[in-house]
Amino acid sequence: MRPISYSRVSDVSTAIGTVAADPGSAFLAGGTTQVDLLRIYVEQPRRLVDINDLPLKQVEELPGGGLRLGGLARMSDVAEHPTVRQRYPMVSESLLLGASPQLRHMASVAGNLMQRVRCTYFRDTEAACNKRAPGTGCSAMDGVNRGHAVLGTSDCCIATHPSDLGVALMALDAVVRTEGPAGQRSIPIDDFYLLPGTTPEREHPLTHGELVTGIDLPPLPVAARSRYIKIRDRESYEFALVAVAIAMSVVDGRIAEIRLALGGLATKPWRARAAERVLDGAPATADSFTRAAEAELAGAVPHGMNAFKIELGKRTIVRALTETAQREESA
Amino acid sequence: MSPAIGATLNRVDGRFKVRGESRYSAEIQLTNLTHAVVVNAKVASGRITSIDTGEAERAAGVLAVLTHRNLGRIATVPRLLPSLAGLAAPGQSFFPMQDETVHYSGQPIAIVVADTIERADHAGTLIRVEYETGPATTLLDQGRDRAYVPKRIFGGLLPGQGSRGDVGKALAEAEVCVEATYRFAPNHHNPIEPSASTAVWDDVDRLTIYDSTQGPNSVQLTVAELLGLPPISIRVVSHAVGGSFGSKAMVWHHPTLAALAARHVGRPVRLALTREQMFTSCGHREEQEQRITIGARADGRITALRHHKISLTSPFDDWAEPSLQSAAVAYTNPNYEGIYHLVRGNTITPTFMRAPGEATGMFALECAMDELAERIGIDPLELRMRNVSDTDPESGKPWSSSGLRECYQRAAELFGWHDRDPRPGSRREGQWLVGTGMASSLYPVTQPVNPQRAKARLYNDGTAVIEAGVSEFGTGVFTAMTQVAADALGLAPERVRFVGGSSDLPNITAAVGSAGTSAVGSAVHVTACELRDQLIRRAVGDDHSPLRGADPARVEVRDGKMVLSDRPDVGETYADLLHRTMTPDVEVLGTWNPPPQDAEYGIHTFGAQMAEVVVDADLGVVRVRRMVGVFAPGRVLNRKLAHSQLMGGMLWGLGQALLEATRMDPRLGRWANSSLGDYLVPVNADAPDVVVDTVELRDEAVNPVGIKGVGEIGVVGAAAAIANAVHHATGRRMYELPITLEKLL
Ligand SMILES: Cc1cc2nc3c(=O)[nH]c(=O)nc-3n(C[C@H](O)[C@H](O)[C@H](O)COP(=O)(O)OP(=O)(O)OC[C@H]3O[C@@H](n4cnc5c(N)ncnc54)[C@H](O)[C@@H]3O)c2cc1C
Ligand code: SF4
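Line by line, the protein sequences are chains A and B. In short: position in the first sequence from 1, add 757, done, that's my numbering. In short: position in the second sequence from 1, add 401, done, that's my numbering.
Simulated from the structure, these hints should not be mistaken for lab results. Any given hint might turn out to be false.
[As the list claims (entries may be wrong)] Residues on chain A that point at chain B, a partial pick, calculated with CB under 10 Å:
no.	residue
1	D807
2	D810
3	D899
4	G900
5	F1065
[To be verified] Here are some chain B residues the structure puts well away from chain A; computed CB gaps all over 10 Å:
no.	residue
6	T432
7	R474
8	W800
9	S827
10	R858
11	G863
12	V900
13	N1074
14	E1101
We treat Cβ as the ideally placed atom computed from N, Cα and C, and that holds for glycine.
Take the sequences, apply the hints, and build the full model.
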């Protein structure tokens, strides 16, 4: 491990000031991504600023029925929080279906949104990777890419965004709250994740030293019956091959409200807007579901080993819609 | 006193493990300890043209940087020989860092020694290496046209081909033929403890290595030859080993590298491999393909079997795991041909991995058998029953014991096999297609070729210590040996302590091929019996003993007391005898001589596996719901340990069937998923309801304790039962492992 210096801060402005002042520094939350990458020399900060003492761990009610998750709230605390489970089950489920209990006890929700891709070449410092070393090329394009993305890819990078929580937040139109040297910002979650384009090294619009202080969940009655479905090779402790976050209401056989986001398929947590357009107001039938899935994956680009994800993605969307519609009917 | 053997004794080392007190080889505390980190080649083939170590040498805390230019020379590299032989047992007949050539990615090219592991690791990244790269073969498909039939495989132990009868004619005349090709992804062992060695020189010719190994003696003999030292110069200690599965069966480079590094810096060196290095430092199960042709009569009787395998080996050794071995003798079958084909590639020599050979070879055979049953239209279990052989089809000799029919019957009862509707796709529960499948399990009983020894000492308080040079790598052997010795001596297990884990102890070959417990168990049994008999002889020959003049054959020991068999009130304790005769202790060194290899019996272990799977009809996800395994492993020393081994084996089979695959990137010539996050093994949530049972067998031919081994048989057939169940659920045959969901979309 590269020599690093470490300090622990207890207030937000010192945290921001310390990191902003040194381009070689980074925040350290649960460390479950950061320390891993440090040990394999993928991230090479000179200084780690430990933010675990910052008072950002609460889950608070917002006026109007929304909820604010503190940036440093642990994945497990948010997942088990009664209000989260009641009003936003997909958030709780996305967390519980991620990582392992030990990791969830360590990891923060801000860290979860900020986690780096699992692409094997990103983690192999000897391999070409535009995200880790811009301009070197993308080894995954013709390589071992079974887990890689089919949506939102570019010629420069096809790495899947690994966060499950991010997918649920995308379906909910959550807002990421930050504070940096230039003050506070509220960033809609869709803008918080950037597509790789020609700059895959840039994943977020944050400036250096900008801290994620919280995540706001808007009031959204339909979310109380939302779900998170995750398909993977083994039953637990694995990232998604395909995941679907879904909230839907059906009135008189027609889809009155639909929120659909996809994980495992795209370079960012993916709002399935094309599918939503097909579904909005449409009859809640198998035909609509299939058309929606086809519409969403129409632009998908396969890269060898991951070609199956297109079909798997469609079928998982149809499965999620069918099951949710059945539930709505019986409710 | 009820016998200790067979009882469910808790592990004698369990307490230390749970409390975190077991000392693994990377946890040995020594004054002046330093840390070595190996730097590995990042290309698969070529030559190092320059290696700049300057920056690394100047980095903080660094004591030495070793490369092929300054590492001590190796005296001789012993030839590759499985450690079961009891001689030097290098994992491959190549030793790295002797010149600038690179044969495979991951080959050690430098070692950094520093005062802390972090500093050594960091300095390793500062070494600048330039290569002239050559063409590389890292996939089977790249070298098929260069395949050859080796003279011998598996470290010279087995011939590269074999036959009996006339397979061509028999296949031409067969009423039914099934032909299929099966592909297997490479697999890695991934024990939870990565291999580690801590080396300390007490003098120029006095070296101690703390090593995580299946055989302390193999390490001693191998390192001795490599360093050109007599065996007396080297002591190998293995206090605790965190699993192996074959990765620690042979002696790889790290103990020798640790010793060389320690000699260079003049301080003790700890060398612990990383998880990633475990993918390139201890062998693996090779990428392979098997083609099987079964000929049969219309009633299902097998008339011919042709079984060919092609696999990737290293530039140095003709290694193939013996996949054809058990399949060749599984059923009556007069006409047989088995041929291994090898392709030389840029890889470390593959090695033993749990159920080496059988895990793949029996998969191919048992899937083809399922197809044959379907073709003929009979129940797969009935097909097996019709083909059970009471003799070893190869030698014609009777089996020393089998139990296969009983295993089939018991498994069928426990599983509820006979209610099965044979039509594929006939059962559906909501989104899930449900299927059941079965397979036979076979595993050879390998015998060590050399004498196996143990030492037993009884103290005058009636407690005993038994010693043998075996290591505890998670199988529970120390516990089982405590039981064997306790029974032979007529003592309660609490009064017996088993000591192992050092090459200074009486010689036992490495515990491999499920032969560990039988080898050491036989030695311990023979030795403890000899000690008991010696004490009885003393008693009957002692005028002051209540047993004076008795016939030793009519004296037995119960709870430490020697008594007349027919008059248990007459007798005295070991302790009384020793106190009276002012003897502090009695000690014997015992030897078990394994039976000759060409005994009058065929010796094999048998079992039956059944599995129920569900397959998501739309998404292809496969989950195993329940498994039943019934085995006939001979004498069961400890029910709990044996069941854990067998169950663990079955779950290994589940991993092989559905998850485990190391993926090669042929452009880079290296593995693309060398981490536990990317190389998937089953987790608890994948573990189904597993029922394990055993069929009692008495087998006196195999060894004095009657043990045939439980370490690997549980793996064999599990993957085939699952694949056959997938077919039953979906109507689709699986010809490639692992069965990932895209194959079922
Ligand atoms: C084996 C394994 C399996 C996993 N499986 C899953 C899974 O199935 N699904 C899933 O979603 N995730 C999974 N994860 C990822 C895990 O959820 C993340 O590692 C974790 O959420 C990161 O949170 P952390 O607090 O540990 O962040 P850290 O590791 O401390 O930080 C991660 C990054 O975020 C930055 N950062 C942290 N906090 C802030 C902040 N408040 N503001 C700005 N920047 C910040 C850090 O500087 C760093 O760059 C897995 C991880 C592992 C190791
Ligand atoms: S997919 Fe992205 S992260 Fe992976 S190698 Fe290509 S550029 Fe790097």
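Hint check against the structure, violated hint numbers in rising order: Violated hints: 1, 2 and 13; rest satisfied.
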